[in-house]
Each structure stands twice: as C-alpha cells, then as structure tokens.
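Chains as they are written, first to last, in this note's numbering: chain A, 1 to 404; chain B, 1 to 88.
Any given hint could be a false lead.
[To be verified] Among chain B residues calculated to face chain A with C-beta under 7 Å, some are:
1. S37
2. L38
3. I41
4. D57
No lab work stands behind these hints: they were computed from the structure.
Values in this document were obtained by computation on a predicted structure and should not be read as measured data.
A virtual CB, placed ideally from N, CA and C, is assigned to each residue, including glycine.
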Amino acid sequence: MTHRVAVTGIGAISAFGFTYKDLWDGVAAGKSAIRPLTLIPPGAVRFPNAAEVPDYDPLRHFEEKEAQMLDRFAQFAAVAAREAIRTSGIEFSPGLGERTAIVLGCSGGGKSTEDDGFHHLYALKEPRVSPLTIARAMSNAGASRVSFEYGITGPVFTVSTACSSANHSIGQAFRMVRSGEVEVAIAGGSEAPLSVGFLKAWEAMRVVAPDTCRPFSLDRRGLILGEGAAVLVLEPLERAQARGAAVLGEIAGFGMSSDAHHITQPSALGAARAIRAALTDAELAPEAIGYVNAHGTGTLANDATETEAIKSVFGAHAGKLLVSSTKSMHGHALGAAGALEAAATLGALRCGLIPPTANFTAADPACDLDVVPNTPRLAQIEFAISNSFAFGGLNAVMVFRKSD
Amino acid sequence: MSDELIARVAGVIAKTQKIPLESVTIDKSFEELKIDSLDGINLLFALEGEFDIDIPDDAARGIRTVRDMVEGVEKLLAAKAEAAKSPQ
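Produce the complete structure using the sequences and hints provided.
Following this line, the structure appears as structure tokens:
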C-alpha cells in the first residue's frame, strides 16, 4: 500500500535568520538577504557579497564541546532539524526511531574545517592537523548528528549531487515514506561553503555575480553563494491526521534525470525530462501546476536553459505559470538549495502568496516567463514544482501540493 | 597586435587544450577549436598566469575567437604597463 506523504514539520536556518519563520517572512516580503561577505577577509575574492547566516553563534545552539566536533554545515543541519521535529510534534521512542529515516543533502561537506587544516599544514608549516578534521568534514556529519540527537536508527544517509543534493534527498525520503518502508522521514539539506579556499574555486569559475543575484534579468551577472539548511518532517497523511498534526503541505511527486552531456553546461532536454518524470510520478497533467520555484541561479546559461525546459514541458500553459527564483533572496546554498526552496514553496502554497524573483531589472527575451518580478503575488495554487539542476548534469524536481 | 603576442597566446591555447600549435591560428573561433565554456574559463586562468594579469569577468564574457583573446590580453598588458609607469 502506498501513502500520501504529508509534511508536518519545517525548520530552516538561512541568511534571513535562525528559523523557518525568518526565511518565510523574508522571501514572502521579497526582501533580499544578500549582503557583504564577513566570514572571509575583505578582498580575498573578487565578489564582495553572499547570503550568510547573520550573527551565528554556535554556543547559542550547542555545548562548547559539541560545537567543537561539528563543522558549521553540520550545526546548521541540526539547528534546522530540531525546529522541524519540534514543529511536527513527533516524539521519537526507540521503536519509532528504528522506523524513521534521515536523508540530508550536502554538496561540499566541511569546507571551513578542511580549509583550516590545510592552512595549518601548508601556510603555517605545521606538521599536523586536528584529529577532528575527518569527523567534522565528512558530508554525512549533519545527518549523523541528527540521528544521535533523536535516536534515529533507521536508514540514515547523505546524498551529494552538488546543487541537486537536497532535492535528491527529499525525493528519496518521500519515496521511503510513500512506499511504507519507513514511518517517518527527516529530509533536507545543509551547506556552509563560505571558506576562502572554496570561494577562490568559485571565483575561478567566473559564475559569481559581482553585485547581486538577478535571476531571469537581462543584465544578470551570475549567482550569489549562500549558506544554511532546511529540513522537512515527512509522514503518511493518514498518520498525521490520526495524531491530529498540522499538515503543512504534501509531497506529491519526484522526478530525476541526468543530462549525460557536459560537466557544467546545463541541458534543456535533461531538465525537461526531470520535470516530466516528476509530473508522471505525481500523476499530474502539466496544466495542474500553478507555480514553479525555479532553479534560477542567475547565470546566463541556467536561466535561459531552464526557461526553454519549462516551455518545452508546459507548452501553452507555460505562459500561465508563475515562476520565481527565491535564490535572488536566500542565495544559492548549493546542497541546501532545494531544501530552502522546498520550505519556500510549501509556504507559498499554504499562504497563497508567491515569493517574487527579487533584484529583477529588465526582461530577457530568452527568459520570457512570468517570473513574478520584485513584488510578491497573491495566488491560490494547489500544485507547485521546485527545480534543482546540478553541475554534472544531475536534475531533481519535486512536486508539492497544498494541504486540504 | 605583435606576432610575438599572438604566438604566446596561441601557445597557451595549444598547451591548455592539448591541440597542435599549428591548428591555433588568429582567425579561428573557439567553436572551431572545440573550446567550450569550461575550457574557456580554464584558458583565461592559464593566460592570467602566463602574462601575470587579472582578466575581469566582464572582459572575459564576449571572447569567442583567438583574435578576441589576443586583443583582450593586449589591452590588459597595455593597462598594466601604464600602471607601472605612473607614480605609486
């Protein structure tokens, strides 16, 4: 027997603050949280801005000894998971823990931890690095941390597919709950990519904007990196209803594809196949979709290619879709991106308010969709999709449904 | 545009792309040389090292041919020489 999959908890930490409410209030107001970088020395990279979690103090969230064991990305995962689980109202007994999964996406793992170790090794010429380096830097450290905190002993793993990590993770969790393989799943993604070494690598790729992120705008100049985490709690709809939990939305489908084309250039064909796969999985016609939370990175290549993909799947209906990129506000948080966008999309369906594409200046004929420029839009929508298209050509698309 | 500069840029392109030097002539487009966007970024990186220059993202964006690349490098070298002449 398969189940409808309800979302009963959402947690987030982002450039807007330490809670899901901070994230939702920010994107719903169309505010951009892109600000000058403070985590690395000024002038260390060509681009001055990022979407940093502001004033983050680990000791507000962890004991000193615990904080020492956890890289920033793993801390973010735990902070968001705690909020999501608290909201869901689920108490994990040992039995339920065994029937619960955690799937958290992460692209880079503990970049600051690695950077710091290499600095000691190569710059300071020290012969050793901290023995905690491996445990802090491994990409599954966030998922593992959450499992310890709640005694989750079922399937726990991390998916690392660059910018699609979180969607691939939520998708796996969704399928495990839908099929009955697990009773509850905790899913999302976290990322803390703002270390000097990693940002130098992004600088060299020449895809980061020198000003801000302007998805679908004619004068867009690239993406803006962000950080944070978002986590969803998933369970069968009937289970949520039976225990009287508030249902914040449903996951209705999930689709994946690979471009098998190029390591960095996107492909409209591959993206379109993932969108179609997601619609098929949700048993929906394209016309059922009202809102698209776009991958919308703000690079020249992505936004035009994504537009082409959307038009090829939705045909004439593409003109009726509301399409926005919330990356214009919370930045591109890589392995956390799909999770932050899932949280934003669920908010949009629940509140009947579409977060805009912020920082929009002028229309690009190559991106001729209704991209909800700058101003939030009131719209009662039942189904939305959220796109993630990763370097490496790996695409993952979620379908969300407004709760009844 | 000096022959020496053309030869140096062509040398960097041939070495980075692992293609015969003879194939890299001034009127070739990147498309003809099978240089895609990621190769292009890698080339800019190699040219920055070869000539000790910084190529801004905006200057890099419109480059489509070997000629564009040589002209771009020439401009940046001229700006660098000018900066070295002026006091401070």
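Do the hints match the structure? See the list:
1. S37: Holds - the Cβ of S37 of chain B comes within 7 Å of chain A, reaching about 6 Å at its closest.
2. L38: Nearest chain A Cβ about 5 Å off; hint holds.
3. I41: It holds, given that the least Cβ distance between I41 of chain B and chain A is near 5 Å, below 7 Å.
4. D57: D57 of chain B check passes; min Cβ-Cβ to chain A is 5 Å, inside 7 Å.
The structure agrees with every numbered hint stated previously.
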